[in-house]
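Assemble the whole structure, with the sequences as input and the hints as a guide.
Single-letter residue listing:
Number of protein chains: 2
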Amino acid sequence: MAAAHGADMSFDAWMRERLVEVERALEQWVPADAPAGLGDAMRYGVLGAGKRLRPLLVLAAGEAVGGDREAALRAAAAAELIHAYSLVHDDMPCMDNDVLRRGKPTVHVEFGQAQAMLAGDAMQALAFEVLTPEHGVAPALQARLCALLARAAGHDGMAGGQAVDLASIGRALSEPELRRMHERKTGALLRASVLMGAACGHTDAAQWLALSDYGDAIGLAFQVVDDILDVTQASDVLGKTAGKDQDANKPTYVSLLGLDGARRRAADLHARALAALATVERSGRAGATARLAALADRVVHRQN
Amino acid sequence: MAAAHGADMSFDAWMRERLVEVERALEQWVPADAPAGLGDAMRYGVLGAGKRLRPLLVLAAGEAVGGDREAALRAAAAAELIHAYSLVHDDMPCMDNDVLRRGKPTVHVEFGQAQAMLAGDAMQALAFEVLTPEHGVAPALQARLCALLARAAGHDGMAGGQAVDLASIGRALSEPELRRMHERKTGALLRASVLMGAACGHTDAAQWLALSDYGDAIGLAFQVVDDILDVTQASDVLGKTAGKDQDANKPTYVSLLGLDGARRRAADLHARALAALATVERSGRAGATARLAALADRVVHRQN
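Chains as they are written, first to last, in this note's numbering: chain A, 94 to 397; chain B, 94 to 397.
Among the hints, a few may not be true.
[Said to hold, decoys possible] Just some of the chain A residues that point at chain B, by a computed CB distance under 8 Å:
# : residue
1 : Q255
2 : A260
3 : P269
Hints listed in this document are in silico derivations from the structure and should not be mistaken for laboratory results.
Computed from a predicted structure; not experimentally measured.
Here a beta-carbon is modelled for each residue, glycine too, at the ideal position from N, C-alpha and C.
Here you go:
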């Protein structure tokens, strides 16, 4: 771990190290021995796949502000657990009815619908277990992390956004309506990932707001790019069914702004994210947000 | 509220007052304005029905140990939210496929399966939101309550018990297997309700263990009585479909011990719960656990 804090590490090397840590943490915390196959379904839904964007955001934000490493690792795992549970539930027949996710059959295809629903439910609870260890994280920080995560996951965050998404199939949404939906559905958890990392360290009010703005910008950029990839990439590259949104007649940034317009919007949001990081740096040490900047690049330039 | 602390209040008057407080709290905290009908589905699943046993256990335990009232009310609402979400998911077609609950059509019948799943998901998140307010509850207590609730709800608690329940349909379970299933499925949350109340106040180690034992005993008694009522009561009295477990060939205390054996088991557990309360009283003030004793009576002698 000697090199782990080095701001001079290349981003790729940093990311590889952090992904190993996150994977090891999830391996340890997602139980193999939960009863009646529930643990198998949970592990299938969480381990060994996924870009781990939310954990990387937590860890990069935590390191940018000198955050407690144990707390940040727990927040990273918790954010991924919430994300992974939402995919498990979202793929079920009563929702998106998808059979392919992260290049594998979805959890309900592999384990049945009842087990998939329970696994998702248990993954959400596990996120809050992971945030509240008996030792190693200050209780007040545990409470703060639970507060941030619960609000991002719930009715005014991810779950609320999914409800709007369901209600919007086949409807013409305005651009502000589409944005508000995505701010909840994916943006809230991405922003909360950044803010959970920030909560693990020390920020002044301006830095906190700037990190929140960074989280908002990359959260929305992520979705705009998702919409672009849905029409430009094949299923085998995405690891999930491509063209799905178009087929379902869901409103997207591409259907609303066109492909070029969506690309311009992604570039604008990218610029806004980087501008927010400049504000964080002005009241902190120079270079502290380089990982967050690199993650913003990845979000905008990803191919799947 | 002058009379609210009075240990000399009759149990019925105490319970009526507490039920009003719990209902008012849930009314306030379960959002009416969550987007796209999600709030309506959540409120339908939580408000205006249910015995509120878990909230009453939280509040009675809290009062027995001089607990913080705001924290205990939040813990009471959170426990009910977890219970209510589990009913919403449990009733869905991929699980128990039940159409009647608390005397009303189930949430998925009323709002559709997708909304029911999302409402349950959002109710679980809301439980942790309610436990982590910005002000009014000490952060360390917030963390403790989140820790207790998450573990009771998750893979080693309620969700794990439901997985075992699903896997046990049509199988011959031994009595220890049946007990272990129920300890998770319903017992964990009932015990956690008692312990969340206890966490809001002051207990020594012996009191904590005794309250935990009380919770275990009434948790299991609750299930034994449930099994008895399933074969002795009509659907209109239960507010849910009677004879369901028998029809599904699920193992129950009645199928394992016979009706008389199950009744003796409930009486034994009742006695164990009261004995545990005697231990709590020996190191506290006399009469402090009278509400918990009355709740144990209700659990064992309830008709629905």
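Results of checking the hints against the structure:
no.	hint	verdict
1	Q255	holds, 6 Å
2	A260	holds, 4 Å
3	P269	violated, 14 Å
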